[in-house]
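**Student:** Here the sequence shown is numbered in UniProt numbering, starting from 1 and rising by one per residue.
Derived by calculation from the structure, the hints in this document are not laboratory data. In this text the structure is predicted, and so the values were computed from the model without any measurement. Where is the CB? At the ideal position from N, CA and C, for every residue including glycine. Heads up, some of the hints might be wrong.
Derived pair list, reagent style DSS-like, types lysine-lysine, alpha-carbon separation capped at 27 Å [to be verified]:
#: 1; residue 1: K678; residue 2: K609
#: 2; residue 1: K1168; residue 2: K940
#: 3; residue 1: K1004; residue 2: K1042
#: 4; residue 1: K254; residue 2: K195
#: 5; residue 1: K88; residue 2: K138
#: 6; residue 1: K826; residue 2: K865
#: 7; residue 1: K865; residue 2: K597
#: 8; residue 1: K794; residue 2: K713
#: 9; residue 1: K1042; residue 2: K1019
#: 10; residue 1: K957; residue 2: K1019
#: 11; residue 1: K258; residue 2: K298
#: 12; residue 1: K1019; residue 2: K1004
#: 13; residue 1: K826; residue 2: K771
#: 14; residue 1: K1004; residue 2: K609
#: 15; residue 1: K533; residue 2: K597
#: 16; residue 1: K859; residue 2: K940
#: 17; residue 1: K298; residue 2: K362
#: 18; residue 1: K609; residue 2: K826
#: 19; residue 1: K678; residue 2: K285
#: 20; residue 1: K1004; residue 2: K892
#: 21; residue 1: K678; residue 2: K597
#: 22; residue 1: K362; residue 2: K597
#: 23; residue 1: K921; residue 2: K609
Label-pair ranges, simulated between beta-carbon atoms [to be verified]:
#: 24; residue 1: Y1088; residue 2: G611; range: 50 to 56 Å
#: 25; residue 1: Q768; residue 2: S1087; range: 37 to 43 Å
#: 26; residue 1: K865; residue 2: R529; range: 48 to 54 Å
#: 27; residue 1: T398; residue 2: R632; range: 57 to 63 Å
#: 28; residue 1: P628; residue 2: E439; range: 54 to 60 Å
#: 29; residue 1: G221; residue 2: R529; range: 56 to 62 Å
#: 30; residue 1: R632; residue 2: R372; range: 34 to 40 Å
#: 31; residue 1: L568; residue 2: K522; range: 20 to 26 Å
#: 32; residue 1: R372; residue 2: R960; range: 48 to 54 Å
#: 33; residue 1: Y190; residue 2: E439; range: 22 to 28 Å
#: 34; residue 1: P628; residue 2: T1196; range: 30 to 36 Å
#: 35; residue 1: R395; residue 2: N504; range: 33 to 39 Å
#: 36; residue 1: E89; residue 2: G221; range: 36 to 42 Å
#: 37; residue 1: T398; residue 2: N504; range: 32 to 38 Å
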Amino acid sequence: MTTNIVCIVLSCLVMLVAVPRSVDTRLFTIDYDNNTFVMDGVPFQYVAGSFHYFRALPESWASILRSMRAAGLNAITTYVEWSLHNPKEGVYNWQGMADIEHFIELADNEGLYVILRPGPYICAERDMGGFPSWLLHKYPDILLRTNDIRYLREVRTWYAQLLSRLQRFLVGQGGPIILVQVENEYGSFYACDHKYLSWLRDETERYVMGNAVLFTNNGPGLEGCGAIEHVLSSLDFGPGTEDEINGFWNTLRKTQPKGPLVNAEYYPGWLTHWQEAHMARTDTKAVVDSLDFMLRNKVNVNVYMFYGGTNYGFTAGANSQGAGRYVADITSYDYDAPLDESGDPTPKYFALRDTILKYFPKPDLPVPVAARKIQPPPLTMTRLGSLLEPDLLNRLSTQTVTNSLPMSFESLNQISGLVLYEALIPDDIKTDPRKLIVEGVHDRGYVFVGDRFVGVLSRENQINTLPLALDAGQTLRIAIENQGRINFGIANDSKGIVGRVYVNTRQLFNWTMHSLPLSDFKPIVHAVRCHRKLRRHYGNNGVGVVATPMSVYYSIFDIEDELADTYLDPTGWGKGVVFINGFNVGRYWPTVGPQRKFDIDFQNDTFTKDGQPFQFISGSFHYFRALPESWRHILRSMRAAGLNTVMTYIEWSLHEPMPGQYQWEGMANLDEFIEIAKSEDLFVILRPGPYICAERDMGGFPHWLLTKYPSIKLRTYDTDYLREVQNWYTQLMPRIVPHLYGNGGPVIMVSIENEYGSFHACDGQYMQFLKNLTVHFVQDKAVLFTNDGPELLKCGSIPGILPTLDFGITTNPNVFWQQLRKYLPKGPLVNAEYYPGWLTHWMEPTARVDAGMVVSTLKLMLNQKANVNFYMFFGGTNFGFTAGANDVGPGKYSADITSYDYDAPLDEAGDPTPKYFEIRKVLLEYFGDPGVPAPQKLPKMTLDTVWLERRGSMLSKHGRTMLASRMVAAVQPVSFEALNQHSGFLLYETTLPAGLNRDPYTLKVEHLHDRAYVHVDGKFYGILSRETNVDTIPLSVGLGTKLQLLVESQGRINYNIPNDFKGILGSVTADAKPLHNWTITSFPLDSYRYLENFLSQQPAEKDDLVGAGAQIYYGTFSINTDTIYDTYLYPNVWGKGLVFVNGFNLGRYWPLAGPQITLYVPRHILRKGSNHIVMIEYQQHVQHPYVQFVDKPIFT
1 MTTNIVCIVL
11 SCLVMLVAVP
21 RSVDTRLFTI
31 DYDNNTFVMD
41 GVPFQYVAGS
51 FHYFRALPES
61 WASILRSMRA
71 AGLNAITTYV
81 EWSLHNPKEG
91 VYNWQGMADI
101 EHFIELADNE
111 GLYVILRPGP
121 YICAERDMGG
131 FPSWLLHKYP
141 DILLRTNDIR
151 YLREVRTWYA
161 QLLSRLQRFL
171 VGQGGPIILV
181 QVENEYGSFY
191 ACDHKYLSWL
201 RDETERYVMG
211 NAVLFTNNGP
221 GLEGCGAIEH
231 VLSSLDFGPG
241 TEDEINGFWN
251 TLRKTQPKGP
261 LVNAEYYPGW
271 LTHWQEAHMA
281 RTDTKAVVDS
291 LDFMLRNKVN
301 VNVYMFYGGT
311 NYGFTAGANS
321 QGAGRYVADI
331 TSYDYDAPLD
341 ESGDPTPKYF
351 ALRDTILKYF
361 PKPDLPVPVA
371 ARKIQPPPLT
381 MTRLGSLLEP
391 DLLNRLSTQT
401 VTNSLPMSFE
411 SLNQISGLVL
421 YEALIPDDIK
431 TDPRKLIVEG
441 VHDRGYVFVG
451 DRFVGVLSRE
461 NQINTLPLAL
471 DAGQTLRIAI
481 ENQGRINFGI
491 ANDSKGIVGR
501 VYVNTRQLFN
511 WTMHSLPLSD
521 FKPIVHAVRC
531 HRKLRRHYGN
541 NGVGVVATPM
551 SVYYSIFDIE
561 DELADTYLDP
571 TGWGKGVVFI
581 NGFNVGRYWP
591 TVGPQRKFDI
601 DFQNDTFTKD
611 GQPFQFISGS
621 FHYFRALPES
631 WRHILRSMRA
641 AGLNTVMTYI
651 EWSLHEPMPG
661 QYQWEGMANL
671 DEFIEIAKSE
681 DLFVILRPGP
691 YICAERDMGG
701 FPHWLLTKYP
711 SIKLRTYDTD
721 YLREVQNWYT
731 QLMPRIVPHL
741 YGNGGPVIMV
751 SIENEYGSFH
761 ACDGQYMQFL
771 KNLTVHFVQD
781 KAVLFTNDGP
791 ELLKCGSIPG
801 ILPTLDFGIT
811 TNPNVFWQQL
821 RKYLPKGPLV
831 NAEYYPGWLT
841 HWMEPTARVD
851 AGMVVSTLKL
861 MLNQKANVNF
871 YMFFGGTNFG
881 FTAGANDVGP
891 GKYSADITSY
901 DYDAPLDEAG
911 DPTPKYFEIR
921 KVLLEYFGDP
931 GVPAPQKLPK
941 MTLDTVWLER
951 RGSMLSKHGR
961 TMLASRMVAA
971 VQPVSFEALN
981 QHSGFLLYET
991 TLPAGLNRDP
1001 YTLKVEHLHD
1011 RAYVHVDGKF
1021 YGILSRETNV
1031 DTIPLSVGLG
1041 TKLQLLVESQ
1051 GRINYNIPND
1061 FKGILGSVTA
1071 DAKPLHNWTI
1081 TSFPLDSYRY
1091 LENFLSQQPA
1101 EKDDLVGAGA
1111 QIYYGTFSIN
1121 TDTIYDTYLY
1131 PNVWGKGLVF
1141 VNGFNLGRYW
1151 PLAGPQITLY
1161 VPRHILRKGS
1171 NHIVMIEYQQ
1181 HVQHPYVQFV
1191 DKPIFT
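Model the full structure from these sequences, guided by the hints.
**Tutor:** See the structure below:
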């Protein structure tokens, strides 16, 4: 589909633009005695969200309302904007964005009640608080929001138009409107006119007539002027402690002793002004905790805003604060709301939804997902001309007026846009320079003398004087921009030049005013047509024309793809307003923000941060390899080393362990990790995969992909895989988006895939899909990149995405950079994985890398201005069953050890190593001292020897009863994935055939993944192993009749092989005869509660299978000190197994194989007093079952 679009850009410095069911009469009242609302005789509580219909296009209303209902809301709140519906005296608008009746009908259809806030003053960060500006034209000295008879008369006329239309929607008339507001936050207004409030209450009741509840709202403690007799009082406040919130209610009860408690404006975010450092952001946890507390205590809550939207056109307001007692609101009204500016759900949405659904019924609606976005090509803008040029001025000016003194916008009956003021400077003023003084610039003046642009006057920044060169001429022209009338505290904020104008000490008279409201797009279209016609006839005769402020630009462009939302990026422009297809998108002002940009300067081979060159020095730290309690200490140690960035993978399997079940708390609290990094002055690079490798089980993929789609082709354009990736990204990316650098967060880069050049598929279509999906969410708010080995860029790189390399120590990095330059001729050099150490498998020596070589290569790269990420700077631990494996060794399978120490600068416990200090010395030389003291090694502790007692085998009847999750029968063995099991064990049992007559006979298990503990009649006889390529074992005929194979998953391969199924994947034969009819028992061991049940309940049978493997041992130990330190568990007399301490799965031990002997025990899982330990020993009968806790790690 091709759509022709005209984009007009107007520049002021040089700019670019571009619940209720429908039922019969109902009764909604207040039960003051029981402090509740009552709906048809039943107590009623609401949880609502603010959504102003005038901040979204009508085509999007239904989807936004549905998303609000899906969050569990049962009501919505909206202001009614007088100025929208009555823009000129006697002229009313009820169509399009002003079709409030349609909006209410849609809310009703979605099962939402409506809370109506008709003002007439609404604040809302809208121009003049929603009042129409013509009030100030008709009555220059009107006293708004008082008992001024002129004001009351106009309100009565307006309410007659508005409320008569909406009576049919009142709940008492069968409609959805349950509450109607009388005034708005009047307690904050200086007038304190109770006579006016009483009049407005009566005027509102004339139409409501008891068919809805009247209410008013104020900040805590402001009820003295804001409360209205016989009208329900409510409060406005954001997150706070429980004591603070209770204090607010106690204050309210002084003026309203009984009745339902209502927070009419509960703030999940906040508004933002231009020239503020960042978008306003509010911590989600505080928002959720306070909401939970209020809902739990039966408070009625309206979330302001639940969807913020956009201040299109000239509708944004301003506040009386800052240096000039004036700051203008930005165009976006995102508000850090649960639904973002485009209506997409944010992490805050899901957090609030979870809280709301604890107290309100879950609606039968799907959870919303982020809508597709598009990114059209950059536009080339053509300059149409300047508003000061006669042709454009005559076309766009709606009136020209002369007067002795400057006239305001309101005197000219002009809502917004620009007014061009012209006067002559007396020619007898000969000083050079002359001094221009303008009293009362409301709000921003662009000053010209003759055709020369002189500078800017600014109410915001208290700039009202400029020097004027004597040779510039005598004609003074000042284009005054209305940036938005103040919407809070000040009622009559006139615009234009509202005072006297002097040159030196001489006041200027005899002014000509040209009105440029810019409200009608047709004159601009005509001007564009004429301009294009002239260009066709005479060519581009504008070459060499110097662009000045007040210039108009346009572009005509096509969209070939399916239409979707997008974002216009006017980076490089100054300040102005944008029209697209005649629609006024609003004001832009990228030079003052709140905008941030992390970008690439290809020409100068560097990144840029807010326009300045930037080099990152980063370290990898995977949040899922350390307990959250240690994150800050580790991140601070990284910053102290001189790093300015931290890089982390995001592990899909951690966050979605089962389909549709998402985990974002504890070790999975990615938001908290990013926020801590930011607070420690670190930028963040995210690597969401979806494949991450990382020596993690299945490379971070969730195992259930193989359950749900046994033949899935991971990391390809397989439709099943793409669908699941899209579902995952729809959950993940909205959580990431607020943290992106361009949105005020610390995330500067986001990766697409991971080392894809190493993967056999080389599927460019898949990579393009993943690029488009990632761009959809990230857009230009962070830099996207890929990473590959130096020789593997052909399949790993993506056109239009920054390619980076992975390599370790070398004496000549240029060899690798030359490979990169084949795909990136210009741009920053990045080593995304610089290896200061390496990974280690069981049964091999511990990997070590010389610190001197690490530092030597680092210096070479830094001298080349390369950006470097240490992989790993802190390695951590593969707790539980998370370690992966590689297809190396005799059996093309080697499992990763539990420790991921990696010989990194910070060791497994987070302590600095000698390598750390060597690196720190270099980084401080190149990047300066970060001002964070170098960390010291934290103390470690030893404990008394702990003796354990054997409690029985998993294979025993008691073990099966307590520890197994399911049992199935199958003719052939089935895999872990077929049973939707992540890890742990499967017990395969069958009856041996009676005809075996060879002694011993050979038992063979084909395609064993990974390790089988062979039992006959409950007795352990030996081991089969994929790692060592042992798939047969001799068994004596007389051992028994029941064959039992306890199969362990040692970790799915994480590199090159994407579909590493677990269990017995082939046939099992005895003396070459296939065995059939298996009983398969699942022991996932994914929850400690199985072991708690096993230990707490006594087995019924006496035989606990002492001769079997998988024996469970239990012990306790005491810690008597107040201060607890990390320690290391030393299982030197044990064979191979698994350890739980205080219910926490520390991971696998295997001192028989090494090289890892001890297991790291973080202090955060220990406690003063009694602690308990459970060990599951897979293959040895431990004669003396004891362990020690030592203060140093032991590796062979």
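**Student:** Against this structure, judge whether each hint is valid.
**Tutor:** Okay, the hints, checked on the actual structure:
1. K678 to K609: OK: K678 and K609 at ~15 Å, within 27 Å.
2. K1168 to K940: holds, 15 Å
3. K1004 to K1042: Answer holds: K1004 to K1042 is near 15 Å, not above 27 Å.
4. K254 to K195: Measuring from Cα to Cα gives roughly 21 Å; hence the hint holds.
5. K88 to K138: holds, 11 Å
6. K826 to K865: Status holds; Cα separation ~13 Å.
7. K865 to K597: Holds. K865 to K597 sits at ~20 Å (cutoff 27 Å).
8. K794 to K713: holds, 21 Å
9. K1042 to K1019: holds, 10 Å
10. K957 to K1019: holds, 14 Å
11. K258 to K298: Status holds; Cα separation ~14 Å.
12. K1019 to K1004: Answer holds: K1019 to K1004 is near 18 Å, not above 27 Å.
13. K826 to K771: holds, 21 Å
14. K1004 to K609: violated, 62 Å
15. K533 to K597: violated, 38 Å
16. K859 to K940: Roughly 34 Å between the alpha carbons, so the hint for K859 and K940 is violated.
17. K298 to K362: holds, 18 Å
18. K609 to K826: holds, 18 Å
19. K678 to K285: holds, 17 Å
20. K1004 to K892: holds, 18 Å
21. K678 to K597: holds, 16 Å
22. K362 to K597: violated, 40 Å
23. K921 to K609: The hint holds at about 25 Å.
24. Y1088 to G611: 50 to 56 Å: Between Y1088 and G611, where Cβ atoms are some 52 Å apart, the hint holds.
25. Q768 to S1087: 37 to 43 Å: Check passed, 41 Å falls within 37 to 43 Å.
26. K865 to R529: 48 to 54 Å: Given range 48 to 54 Å: holds, Cβ gap about 50 Å.
27. T398 to R632: 57 to 63 Å: Between T398 and R632, where Cβ atoms are some 60 Å apart, the hint holds.
28. P628 to E439: 54 to 60 Å: Holds, at about 58 Å.
29. G221 to R529: 56 to 62 Å: Holds, at about 59 Å.
30. R632 to R372: 34 to 40 Å: 37 Å Cβ-Cβ, so the 34 to 40 Å window holds.
31. L568 to K522: 20 to 26 Å: holds, 22 Å
32. R372 to R960: 48 to 54 Å: holds, 50 Å
33. Y190 to E439: 22 to 28 Å: Cβ of Y190 to Cβ of E439: about 24 Å, so the range 22 to 28 Å holds.
34. P628 to T1196: 30 to 36 Å: holds, 31 Å
35. R395 to N504: 33 to 39 Å: Holds: the Cβ-Cβ distance is about 36 Å, inside 33 to 39 Å.
36. E89 to G221: 36 to 42 Å: holds, 38 Å
37. T398 to N504: 32 to 38 Å: Given range 32 to 38 Å: holds, Cβ gap about 34 Å.
Violated hints, in rising order: 14, 15, 16, 22; the structure is consistent with all others.
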